[in-house]
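Visitor: Chain by chain, the residues:
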Amino acid sequence: MADIEINSLVKQFGAFKAVEDVNITVNDGEFVFLLGPSGCGKTTTLRMIAGLEMPSSGRIAIGGRNVTFLRPRYRNVGMVFQDYGLYRHLTVFGNIAYPLEVRRLGRVEIASKVEAVALTMQITEVLQRKPDQLSAGQLQRVAIARMLVRDADVFLMDEPMSHLDAQLRGQMRAELRHIQKSVGVTTIFVTHDQLEAMTMADRIIVMKDGEMLQFATPREIFERPTTEFVATFVGEPQMNVLDARLIRLEGRIVAMTEYFAIPLDADWAERNGLASLIDTAVRVGVRPEHISIRETPDADHRIVAELYSFEPTGAENLYVLQCGSVMVTTRTSTTETAHLSKDEGSSLAARFDPNWIYLFDPETGRTIAQAAGSDVSREEI
Amino acid sequence: MKKPTYSIESPAAPLVQRNWWVYVVLTLVCLVNFVPYLWVVMTGFMDGASASSATPAWFFTPSLEAFHYLIVEKGIMKNFFNSVIVSLASTFFSVTIGMFCAYALARYDFTGRDDVSFWVLTNRMMPPVAVLIPIFVTFQTAGLLDTLVGLVILYTAMQLPFVVWMLTGYFRDIPRRYEESAMVDGDTWFAAFRKVTLPLMMPSITATSIFVMILSWNEFAFATFLTSTQAKTMPPAIMAYSIGADIRWNVLGAAVVLITAPLILFVLLLQRQLISGLSQGTVRK
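Those sequence lines, one after another, are chains Y and U.
So for the first sequence, my numbering puts the first residue at 1; every next one is plus one.
So for the second sequence, my numbering puts the first residue at 1; every next one is plus one.
Each hint should be verified, as a subset may be incorrect.
What the hints assert, rightly or not - Calculated lysine-lysine pairs in the DSSO-like style (CA-CA distance at most 30 Å, straight line):
| hint | chain 1 | residue 1 | chain 2 | residue 2 |
| --- | --- | --- | --- | --- |
| 1 | Y | Lys113 | Y | Lys181 |
| 2 | Y | Lys130 | U | Lys78 |
| 3 | Y | Lys208 | Y | Lys181 |
| 4 | U | Lys74 | Y | Lys113 |
None of these hints come from the bench; they were simulated from the model.
Since the model is a prediction, treat every value here as computed from it, not as a measurement.
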């Protein structure tokens, strides 16, 4: 068990910078996720922590010990690979026992440790089988068991759930989170699935093009994204982001898109100094759940749009609205919108909750103003 | 609704596959391959007169005349053991060295890697006869003419490109994850290679070894030129003993039995390994 400290880590492959200036401090026992699209450098970062890849520059310390250029065997980390990395020629028992045999533990001790971990992972009945006789879920469990069996300082997981079907993934999420918290070993988990990261993480590092965009709790990532990329990458369906221009209308600052105006909260506009941005282009972000819809326009629901498609997901209905060339996705509970028309082409009125509007800089993608509803003081850590 | 009592049949797809022609083709191929060999073996058990008679006979009284001539009079077993030593040793060395070359080519990205593998390939393109004279002169200078050591060195060098090419492909098929996970688990690189990669490679290595051994066992041109009495292997020995002023067919037949018997036994014993090794990377997954 140990904390991890990474300072200005860089990895270059020729002229290509795979990882650029990554700084991370992971506390002891924390469950941290590296989240990003494929090719963003998250796996490379993990491999550098494991010692399978040597950094071009920077420093990695595990438990205060500088391990930057140490070989993997001197780091005492446990790792689960994307394709599990189980040995075909050994039985499940042999696979789990492998790290212990490397450490020259006694036969009895190995057997008892393997039995114990097999019990935790519920794979006792397949211990004598070979990996090619197991299902994807069992392979996953064996791979995790092999990581758990040693007393590693740090656990590293490289997209371990990408081969599981959706149902199994849901189960494993809860189980992994439970195991990680009961074992209490610092864990870094790489994934491109924002749902995995949001549901399991203590803290999330969002990466893109080798750079670290944000390192925060899931809630902060969701409510206070630092860039438009983070805002749209996290959340399903993703945040609506519209091109707009800030103008003054009837004394109030509004965001004017090509087809409709989005009223903004006056206090919030003042706090964020939006008056100085009048007549500049911005990107307006609003999550689907913060748009409410009605059958006919009223004082609040002024944006009239056409229903482009209707997607019921069970508990919630997704209405995709079209206004001119602008598409907006909304998400509402089924009971609230049961009475609304579901026919494509019918007319609906929408309202953007002024408490949950984000403004992004169209050039840099940085967040100009966080939503008024996202208050840091409500953050529980 | 009433359950249908008929079964649905599609006229285009008959229930039983009638691919009898496959067996016809297979039988033909087997005949074409096997009959000449059968004939040679039969000749080996004939006496000199019936072997060289103008009318071939399917039925004859077997005799061990030719075997007696080869083994007792000419002492062909010495050549036999020369062949065994040379092919075993050259197989061992070429596979061991080639394995590491192939591993490096498959796993590491270094400057000139493609050039090295292309160069290895082109070595196989050159006809061996082209370098016969330079090698003869080299062997003469180095005092390696008519020695087993010389042949072992030469065959090892000759087989290396083949081994490297075969094994590079097989190594590429084994994900690097296996070694990496062993290294993270606390192994050194070499321990990971020995305990994880090699066991997975065993079928491929066995198949390659068998090929290399057969090639060394049958090598004729260099053995003829580079050996005379002490280190002569089976192929040139057979030539020398059976073909003089005229061809002694029964001696040739007996010699063919002696040279092919070990190979046939060997392949029969390792058939499963051979097939699983050859099909690795295509069938697996």
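Visitor: A separate judgement is required for each hint: does it hold in the structure or not?
Guide: Hint by hint, here is what the structure shows:
About 20 Å separates the Cα atoms of lysine 113 of chain Y and lysine 181 of chain Y, which keeps this hinted pair within 30 Å; it holds. Using a Cα cut-off of 30 Å, the hinted pair lysine 130 of chain Y and lysine 78 of chain U is violated, with the two alpha carbons roughly 47 Å apart. With a C-alpha separation of about 28 Å, the suggested pairing of lysine 208 of chain Y with lysine 181 of chain Y holds against the 30 Å cut-off. The hinted pair formed by lysine 74 of chain U and lysine 113 of chain Y fails the criterion: a straight-line CA distance of about 66 Å is larger than 30 Å.
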